[in-house]
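Engineer: Order-wise, the sequence lines are chains A and B. For the first sequence, the numbering used here puts the final residue at 176, and the numbers step up evenly by one. For the second sequence, the numbering used here puts the final residue at 486, and the numbers step up evenly by one.
The set of hints was computed from the structure by calculation and includes no laboratory data. Warning: the hint list may mix true and false statements.
[To be verified] Quick list of the computed label-pair ranges, beta carbon to beta carbon: (1) A/153 to B/13: 53 to 63 Å; (2) A/87 to B/166: 18 to 28 Å; (3) A/42 to B/63: 35 to 45 Å; (4) B/85 to A/133: 52 to 62 Å; (5) A/155 to B/310: 29 to 39 Å.
[Said to hold, decoys possible] Cross-link-like lysine-lysine pairs, in silico, DSS-like; alpha carbons within 30 Å at most: (6) B/387 to B/130; (7) B/387 to A/50; (8) B/387 to A/133; (9) A/133 to B/58; (10) B/220 to A/4; (11) A/50 to A/31; (12) A/31 to B/58.
Computed from a predicted structure; not experimentally measured. The beta carbon of each residue, even a glycine, is placed where N, CA and C say it ideally should be.
Here is how the chains run, residue by residue.
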Amino acid sequence: MSTKFGLLAEYENPAQLYAACERVRDAGYTKWDACSPFAVHGLDRAMGLKPSTLPWWVLGIGVAGSIFMFFFQIWSMVYAYPFVLAGKPLFSIPAYVPCWYEATVLSACLTAFFGNWALSGLPRYHHPAFSSKSFARVTDDKFFIMIERRDPQFDQAAAEALLKDTGASSVEELED
Amino acid sequence: MANTAPSTSIALPDDPNVRGDIALEDPVEGREALVRGDRDFHYITEAVCRGNEAPLLKTPSSFVFGLLLAFAGFLLFGGYVGWLFWEGPGLWGNNNPVSWAWDIVNFVFWVGIGHAGTLISAILYLFRQKWRMGVNRYAEAMTIFAVICAASCVVLHTGRIWLDYFLFPIPNQMQLWPNFRSPLEWDVFAVNTYFTVSLLFWFTGLVPDFATLRDRATVKWRQLFYGALALGWRGSARHWVTYEKAYQILAAFSAPLVLSVHSVVSFDFAVSQLPGWHTTIFPPYFVAGAIFGGFAMVQNLILPARAWLGLKDIITIHHIENMNKIILLTGSLVGYAYGMEFFVAAYSGNEYEGFTFINRGFGPYWWAYWIMISCNVLSPQVFWFRKARTNVWVSFIVAALVNTGMWFERFVICVTSLHRDALPSSWEYFVPRTEVLFLAGTFGLFLFLFLLFVRFFPVIAISEVKTILPQANPHWEGYGHAKGGH
């Protein structure tokens with residue numbers, strides 16, 4: 001037995017999508033999403049989305065990586081195997097700077113990269129929207145809104161009427 | 001068309017193979033549309049994916065020929081590496097004072113080329129230069145492949161290649177650590193970080209475009225291949241928010257990387273005590289040179305590609321002109337650095353320093369020095385003229401000259417400073433032996449990877465170019481409204 005996932009509405013351009021998102025947001029839905037071939041400028045505000053938490057992860061792990069590398073250099077150069085080379089002092093902050101800096105950048109960028117996918121729940125094998133034929137153009141030139149059935153105030157008829165009223169060119173039901 | 005390019009006086013022809021090469025007047029107000037013609041989102045998708053989606057067996061024979069040629073170069077590279085493993089660096093003409101020669105020349109040459117890609121993808125992004133969207137994917141790919149070539153040179157130059165893991169801080173039975181106070185170790189960190197960050201940045205940008213190719217795929221292998229690479233991307237606005245933040249963060253970290261990587265490479269020279277190397281001007285001079293050479297390589301790759309792939313509406317002459325302006329600027333900076341080196345050598349009153357520079361221009365390697373000056377300083381000066389900047393042939397030839405000149409710059413720095421040692425009894429002239437094959441091999445590796453990229457990956461950042469079309473603005477009201485944009 002197949003269960004229903006929710007409703008999928010298709011729009012022709014970013015202007016329609018933007019206006020529709022404002023309507024859906026104001027109608028009080030929470031479990032819904034908009035999909036577009038590119039990042040539509042300002043859509044996060046039209047949808048009432050909170051800013052991403054990614055920068056905090058990057059800051060935290062970047063600082064941790066930075067501190068680790070600084071002390072790792074001190075430990076390995078001064079304590080673990082002290083060895084004078086080229087007459088440089090064992091403890092020399094200027095000489096530590098390049099590796100210190102690169103390790104900071106590397107830890108921050110790895111966090112930004114992996115955090116980006118992790119916070120979005122990607123990679124993901126399947127999503128109900130992919131069962132829709134028209135959704136294949138989400139990465140080309142069509143724009144979509146989906147309202148999920150598990151939204152507390154989901155009502156099939158009301159949601160369908162709202163989406164149709166916002167100028168959707170088609171509204172269809174998604175299988176889970 | 002008039003409404004997207006408000007003050008265009010020239011009527012553009014309809015032929016997309018010609019239209020992109022016509023330079024428009026600088027408008028008095030407003031700006032020239034970045035994508036020519038009244039293009040919609042679907043056109044961008046089609047134009048970019050067309051090349052990737054041709055069936056494998058129907059790949060144009062000219063492309064197959066190019067790929068085979070590049071593959072031959074790649075085999076040459078592999079064969080040379082095998083020979084080098086067997087014989088050791090005795091294959092090279094390196095001698096006692098000239099212990100760094102083509103191995104390091106090639107390394108600095110290739111790692112420098114990468115810098116233009118990062119400048120386009122990161123610094124121009126942070127400065128909101130929207131024209132970058134048309135060329136960034138291409139330039140980033142160039143960065144990745146150039147750094148692979150650079151890394152192969154530097155990995156192979158150590159001689160006992162199987163001990164290269166000593167370069168990394170890996171806990172080992174001797175309880176030894178690499179010397180973090182050495183410029184050569186800084187280089188290991190800088191180049192590896194640079195490669196990793198460039199790769200992550202490139203892949204992040206590619207994911208939405210892989211999703212486009214996945215959704216359009218008609219054959220099983222393409223569905224699986226692009227499906228795996230697309231990570232299940234569905235263009236969700238909730239994902240775009242994090243995605244754009246990640247992109248900004250990666251750009252913000254890559255921007256100082258552009259400046260730091262070649263600075264660190266220059267420390268390999270500048271931190272030594274050798275006259276001609278031990279100068280404070282090296283970091284900025286190397287960075288300017290890297291961007292200069294990198295943009296020349298972008299031009300050399302993009303000019304044939306935009307014609308061959310029919311992308312002239314997306315990569316217009318406007319892009320070419322912008323990059324030529326950067327070539328002119330950085331070329332002049334490099335010229336200034338050459339002059340300043342001579343001035344400082346004279347002004348310092350240090351006779352060793354003075355000798356090194358006189359010797360560069362008029363010693364046994366005078367020819368290398370003057371090839372460098374004429375290619376790097378003189379040839380880009382034609383770009384003061386708009387006619388030259390907006391001509392594809394002039395752009396291509398100057399870019400090729402600049403690439404040659406930048407290779408010779410590294411040759412001049414490495415070899416001429418070394419071949420006149422402090423001890424006249426060890427003075428020797430360096431003559432390469434088999435190194436030409438090494439350089440040719442790295443070009444084969446580079447072009448082979450690049451042609452595979454062109455065949456299988458989207459060469460234009462589809463999802464980014466769509467955002468610079470006027471109708472991508474959510475407040476756009478249609479072509480009938482001239483001032484529909486911001």
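Engineer: Work down the list of hints and note, for each, if the structure agrees.
Structural biologist: Hints versus structure:
Taking 53 to 63 Å as the suggested C-beta distance range, the pair residue 153 of chain A and residue 13 of chain B conforms, at roughly 56 Å. Against the hinted window of 18 to 28 Å, the Cβ-Cβ separation of residue 87 of chain A and residue 166 of chain B comes to about 22 Å, which satisfies the hint. Evaluation of the 35 to 45 Å hint for residue 42 of chain A and residue 63 of chain B yields a pass: the beta carbon distance comes to about 41 Å. At roughly 54 Å, the beta carbons of residue 85 of chain B and residue 133 of chain A sit within the given window of 52 to 62 Å.
Between residue 155 of chain A and residue 310 of chain B the beta carbon distance is about 50 Å. The supplied range of 29 to 39 Å is therefore violated. A threshold of 30 Å between alpha carbons decides the hint, and for residue 387 of chain B with residue 130 of chain B the separation of about 23 Å falls inside it, so the pair holds. Straight-line distance between C-alpha atoms of residue 387 of chain B and residue 50 of chain A comes to about 50 Å, which puts the hinted pair past the 30 Å bound. Between residue 387 of chain B and residue 133 of chain A the CA atoms are separated by roughly 50 Å; this puts the pair beyond 30 Å, and the hint is violated.
A threshold of 30 Å between alpha carbons decides the hint, and for residue 133 of chain A with residue 58 of chain B the separation of about 28 Å falls inside it, so the pair holds. With a C-alpha separation of about 28 Å, the suggested pair residue 220 of chain B and residue 4 of chain A falls inside the 30 Å cut-off, and the hint holds. A distance of roughly 14 Å separates the Cα atoms of residue 50 of chain A and residue 31 of chain A; the hinted pair therefore holds under the 30 Å criterion. For the hint pairing residue 31 of chain A with residue 58 of chain B, the CA-to-CA distance comes to about 46 Å; that exceeds 30 Å, so the pair is violated.
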